[in-house]
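This is what each chain is made of:
4 protein chains.
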Amino acid sequence: MVYNFKNDYTEGVHPRILETLKKTNMEQHEGYGEDRHCKEAIYLLRQKINNFNADIHFVSGGTQTNAIVISSVLKPYESVISTTSGHISTHEAGAIEHAGHKINEVESLDGKLTCKNIQSVLDAHSDEHMVKPKLVYISNATETGTFYKKNELEALSIFCKSKGLLLYLDGARIGSALCSQDNDLTLAQLSQWVDVFYIGGTKNGAMLGEAILIINDNLKENFRFHLKQKGALLAKSRIFGIQFVELFKDDLFFRLAEHANAMALKLSRSIEKMGYQFISKSTTNQIFPIFKQNLINRLSKKYGFYVWKNVDDQHSAIRLVTSWATKEEAIDRFITDVKVDF
Amino acid sequence: MVYNFKNDYTEGVHPRILETLKKTNMEQHEGYGEDRHCKEAIYLLRQKINNFNADIHFVSGGTQTNAIVISSVLKPYESVISTTSGHISTHEAGAIEHAGHKINEVESLDGKLTCKNIQSVLDAHSDEHMVKPKLVYISNATETGTFYKKNELEALSIFCKSKGLLLYLDGARIGSALCSQDNDLTLAQLSQWVDVFYIGGTKNGAMLGEAILIINDNLKENFRFHLKQKGALLAKSRIFGIQFVELFKDDLFFRLAEHANAMALKLSRSIEKMGYQFISKSTTNQIFPIFKQNLINRLSKKYGFYVWKNVDDQHSAIRLVTSWATKEEAIDRFITDVKVDF
Amino acid sequence: MVYNFKNDYTEGVHPRILETLKKTNMEQHEGYGEDRHCKEAIYLLRQKINNFNADIHFVSGGTQTNAIVISSVLKPYESVISTTSGHISTHEAGAIEHAGHKINEVESLDGKLTCKNIQSVLDAHSDEHMVKPKLVYISNATETGTFYKKNELEALSIFCKSKGLLLYLDGARIGSALCSQDNDLTLAQLSQWVDVFYIGGTKNGAMLGEAILIINDNLKENFRFHLKQKGALLAKSRIFGIQFVELFKDDLFFRLAEHANAMALKLSRSIEKMGYQFISKSTTNQIFPIFKQNLINRLSKKYGFYVWKNVDDQHSAIRLVTSWATKEEAIDRFITDVKVDF
Amino acid sequence: MVYNFKNDYTEGVHPRILETLKKTNMEQHEGYGEDRHCKEAIYLLRQKINNFNADIHFVSGGTQTNAIVISSVLKPYESVISTTSGHISTHEAGAIEHAGHKINEVESLDGKLTCKNIQSVLDAHSDEHMVKPKLVYISNATETGTFYKKNELEALSIFCKSKGLLLYLDGARIGSALCSQDNDLTLAQLSQWVDVFYIGGTKNGAMLGEAILIINDNLKENFRFHLKQKGALLAKSRIFGIQFVELFKDDLFFRLAEHANAMALKLSRSIEKMGYQFISKSTTNQIFPIFKQNLINRLSKKYGFYVWKNVDDQHSAIRLVTSWATKEEAIDRFITDVKVDF
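Chains as they are written, first to last, in the working numbering: chain A, 1 to 342; chain B, 1 to 342; chain C, 1 to 342; chain D, 1 to 342.
Among the clues, some could well be false.
As the list claims (entries may be wrong) - Okay, derived cross-link-like pairs now, EDC-like style, lysine to aspartate or glutamate, Cα gap no bigger than 20 Å in a straight line: (1) C/302 with C/313; (2) D/309 with A/123; (3) D/302 with C/123; (4) C/302 with C/258; (5) A/23 with B/19; (6) B/6 with C/128; (7) D/161 with D/123; (8) B/266 with B/332; (9) B/220 with D/127; (10) D/309 with A/19; (11) A/75 with C/217; (12) A/6 with D/105; (13) D/39 with B/128; (14) A/327 with B/128; (15) C/220 with A/34; (16) A/132 with D/105; (17) D/220 with B/78; (18) C/6 with C/19; (19) D/48 with A/19; (20) B/116 with B/152; (21) A/132 with C/105; (22) D/6 with C/34; (23) B/6 with B/328; (24) D/6 with A/127; (25) B/309 with C/123; (26) C/6 with B/127; (27) A/301 with B/27; (28) C/301 with D/27; (29) A/6 with B/27; (30) D/134 with B/221; (31) C/309 with B/123; (32) D/327 with C/221; (33) C/302 with D/127; (34) D/23 with C/19; (35) C/309 with C/110; (36) B/22 with A/19.
To be verified - Listed below are several chain C residues computed to face chain B (Cβ distance under 8 Å; list not exhaustive): (37) 79; (38) 91; (39) 100; (40) 102.
It should be emphasised that the hints constitute simulated quantities derived from the structure, not laboratory data.
The model shown is predicted, which means the values in this text are computed figures rather than measured ones.
All residues carry an ideal CB built from backbone N, CA and C; glycine is no exception.
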């Protein structure tokens, strides 16, 4: 029986959510986000970010969220700046370009974007023969397991404002980022420094669902038209509402992320102690140790994971992802199985 | 306490689905349609249509399904023919045009499309200064509660083939259509006469989910790229698989539709007996009685429904929708409340 | 030798334009609209409309102009209202839908749009499940040869403003409209009542070129980005500048249109005198007489024209188009050839 | 009086074209590419490439051509591979992305694409979570003045075929490329190794116009619908026909390119002799010498050119472009003005 470390959406949904789905199942509700549960979830999220002015909408998945947010923000000739490893750059089948917008991609070793990166794009764009960069896309946690510190996000925010750029944060793994042991940022602070962001449910205990939080007033108008036109207005929206209420009414969301992080930390510390290197310094729920090929082959018989990157002829980095559902005994077993080789 | 006849997605999900979600919750699965439950659901659906060659994919909602199917089928300059009351024509916020395609709309009193309708569109399109009609869109059941008889669908199918047109059937309410007392068509027959269609879960007992069945080989290639690019590839696809297995492993899907139809029939027969007219002759789960304004006002205090169309100064048609979850006592109460006026 | 009444772009270009092209040919100029001739043309046009605040751009053709203007004005979920006979509705191969926008088409017998037409579209659109009508498209002259009187355009303008709609006038044949004997509108007045419009050169003596005049400040920003992105920023823009200077520096534009109208009027009066009917009452450069089939057959051996519409089994309306280049002897010959039948 | 080396579209049009426009001006012609001159031009071009099977269409400009060709070739999820310096990558205001397609950009020092570049993109794209690379875009001459040798183009062609990729050549400056002193490729050979390409008129003596030559049968169907929908079907298409007939009936096109190249060569040799470096080794009509800032400042008072790239604190590369209309005395003067500094 193979144990799966491939993803953080490998198991179903936190059991408490299933219980509430059952309990409320025969209630009659309006659809498309107008139900009582969505309203309660919106209230809770506004409370969490301490901003009762934010517009909040729920959507099924991350690619859909990114495409809708970005295309709702940009005019046809405007572009979005992202790292080359950004989810929108490589892992969304061209959804952003399909929506009509160029992504100005910049290289970044640790998956994070800096003011300098952004400035280099601005410098290269001068007139109407080129696109007009307008939106900055960052993910927190990033696709390589790193996250933004308070001062880094603040600097980006100030820089973007000074340049007339908008800042969008992809929070598919925001739980893991904010629960990292080295994190010094709160959800409320984060929300003040971006124009729009989303809180990912799918990768932190929900069966599906991402919450879009629009902070900047200029981006709010008629957002539901965008949602409907892109096929994102779910008929039985109660499913979103119920899940986000359960996740946020008593901070279950953060406890789940803490568990995922703790499991990843146990893995990474043990692997590090054995002398292995990593391709990025991650304290979130994705880690990328570098192993010899024959160790990878052996592990792959008992565990599911992706080979992320060839490092040299005999070594590759693999990606190990933990989640709210990861069992500690699986971590222990994996560590033991690596040790055998040691 | 208002009882809601507004929609067939007012309650949650058939309880058996919740049970199976719970039972399978901690199983580890691949995502994006590669899980065991989706595979089982695909097997069951292929069996139902007696075609093991069909490609089957699952998507969250109807608008998304229509946009993806239609844009995957058409070249940029090709158009889709639909009735003006077709869901894609009016109730999808321009999703088809947003995907780049004109809808050639034709008037239809009963919501059904005929060969003559299609021919009139072909006659009006001659050269490259106009769009090129390529796809025919029908819904079954239609938006006005009618459905296609066997000979009608066969005629459309033969006509389309003879004209080089493709035929797509929107089955958001296909359960109700196929379980109508006057229906003479099976799911397997229907599937032979279209190039692609979808079976709607959301409006017949699922919490979300529509199954796209691609019959025509030419439309199958790389369909998953379309799904991903449009943000429709759900991470925890097991949710789709589990639901469609439950709905089709013992024909629960049809039993639920039969219940919805029975409830609508009881309503419409009783209302008809009292001498009221309807704007369409429906034997599916949507009925459209014409009431006086003051009766409508009175009913609206106790029941949720949409006023569909003004008929004259003092009369309007309302829409009453029943579902798998509609309670017979609510029907009885409604009939009594209409009678009071009588 | 067949004489062609098919179109108003059958001959080349007014000879004076060729002369100026030759005279200025070896001048060195910046491209993309930054040349001296474009600047002079813009100055002249601003003078004509008595508005030095208008933004003016030049584009190669009408379909391109319509697609760019409309998509620059609308947000993704917004739609444009037009008659079914509007050029954008039927004769642009779906260019507007390709740009992502639904056209709300309304029937109109004379090709003109009324406030009532517009209100009927507004009434039918209530929420985010439908598109949001935002722009009103009219052509002047219309596709059936009619044109807007002063009070009609003023009424549309006031109505649109009161409803938060924008008004766009397609002036592919604006010369002919403003030079109709019954016209009571000036170019300057017209420009005050619309948000944006274009003056068509191609159909009134230019070899190619339409001038877009943006009146409403909100529609001006970054318009050149739209032009470039849609491939409409011509490298040797001097061609546009030179032509519009020649056409407007001494009102040649209007004299050409007057000639076209005079030729059409001579045709229509003579035909009318012989007792023939027309499908529309036109005093512009397109007329639509109804002839018997055998007369049409006979005429088609000596003249080029389109059969526009079948009227009954034995009669059809044909379209005859005159232009700046139409020769009076061809008109006389045509009349004689019709008379033979008489 | 500043002499302009900014572009190859600074002057008007070759005088012989103006003569023919005048001579044929009052001929009556069908529009939209159906005129006699277009037909003759198509015949001549087919003869030149020795392929009477090629489909040929005329379009106003290069950005429009690239957007139409690329979007007509690709399915929504397919991408195009280009160098970062490719015209479509940076200088078309995102027109390709606006048409829905990602450009997979690869770095290239000399502006040329290699099989290795392409393979690196293929290696990075594995499944439906990413776009599917399908088309290879090259420009000849490139944006940095280099061009493809016979064996290089042949290698690309064979490689593309072996990988199921299509090859598209942007010939905005194809005249200059094929007339370079080091060129060993004929137009006919080139046409055999690509699936589709275009011959640029605008930058080699025409007032506007690019000829699209579709070689691969699979790309031909309904191409005129694409042209119309994108606003590229010009009413008075005779302008295209007349120009391409003049340019190709006696190889004027190549003589004009030879002149442009000769002027550039004289410039580059003289500058090289003075010991200056260039950022690319160009034998076409664009050269990029590296000058000190104060020399650049001085030259800019007498000549128009773009500063292309900062090389270090005190040096920049400038771009000098010659054309069919460049006067040898201007070249001589420029050389003298550089020498002063020497």
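Going down the list of hints, with the structure as the test:
1. C/302 with C/313: violated (23 Å)
2. D/309 with A/123: holds (12 Å)
3. D/302 with C/123: This hinted pair is violated, its Cα atoms lying about 64 Å apart.
4. C/302 with C/258: Judged against 20 Å, a Cα distance of about 26 Å means the pair is violated.
5. A/23 with B/19: At roughly 12 Å apart (the allowed maximum being 20 Å), residue 19 of chain B and residue 23 of chain A satisfy the hint.
6. B/6 with C/128: holds (17 Å)
7. D/161 with D/123: holds (17 Å)
8. B/266 with B/332: holds (9 Å)
9. B/220 with D/127: Between residue 220 of chain B and residue 127 of chain D the Cα gap is close to 16 Å, so the pair holds against 20 Å.
10. D/309 with A/19: violated (63 Å)
11. A/75 with C/217: Distance ~17 Å between residue 75 of chain A and residue 217 of chain C Cα, so the pair holds.
12. A/6 with D/105: Violated, at roughly 29 Å.
13. D/39 with B/128: holds (18 Å)
14. A/327 with B/128: violated (62 Å)
15. C/220 with A/34: With a Cα-Cα distance of about 37 Å, the restraint between residue 220 of chain C and residue 34 of chain A is violated, given a limit of 20 Å.
16. A/132 with D/105: Between residue 132 of chain A and residue 105 of chain D the Cα gap is close to 18 Å, so the pair holds against 20 Å.
17. D/220 with B/78: holds (16 Å)
18. C/6 with C/19: Given that 20 Å is the threshold and the Cα spacing comes to 27 Å, the pair is violated.
19. D/48 with A/19: violated (75 Å)
20. B/116 with B/152: holds (12 Å)
21. A/132 with C/105: This hinted pair is violated, its Cα atoms lying about 34 Å apart.
22. D/6 with C/34: It holds: about 13 Å lies between the C-alpha atoms, which stays within 20 Å.
23. B/6 with B/328: holds (16 Å)
24. D/6 with A/127: holds (16 Å)
25. B/309 with C/123: Given pair residue 309 of chain B, residue 123 of chain C holds - Cα atoms ~12 Å apart, limit 20 Å.
26. C/6 with B/127: holds (16 Å)
27. A/301 with B/27: holds (18 Å)
28. C/301 with D/27: holds (18 Å)
29. A/6 with B/27: holds (14 Å)
30. D/134 with B/221: holds (14 Å)
31. C/309 with B/123: holds (12 Å)
32. D/327 with C/221: Outside the cut-off at roughly 39 Å; violated.
33. C/302 with D/127: With a Cα-Cα distance of about 61 Å, the restraint between residue 302 of chain C and residue 127 of chain D is violated, given a limit of 20 Å.
34. D/23 with C/19: holds (12 Å)
35. C/309 with C/110: The hint holds at about 14 Å.
36. B/22 with A/19: holds (9 Å)
37. 79: holds (6 Å)
38. 91: With a minimum Cβ separation of about 5 Å from chain B (threshold 8 Å), the hint on residue 91 of chain C holds.
39. 100: With Cβ-Cβ at 5 Å, under 8 Å, it holds.
40. 102: At 4 Å from the nearest chain B Cβ, residue 102 of chain C passes the 8 Å test, so the hint holds.
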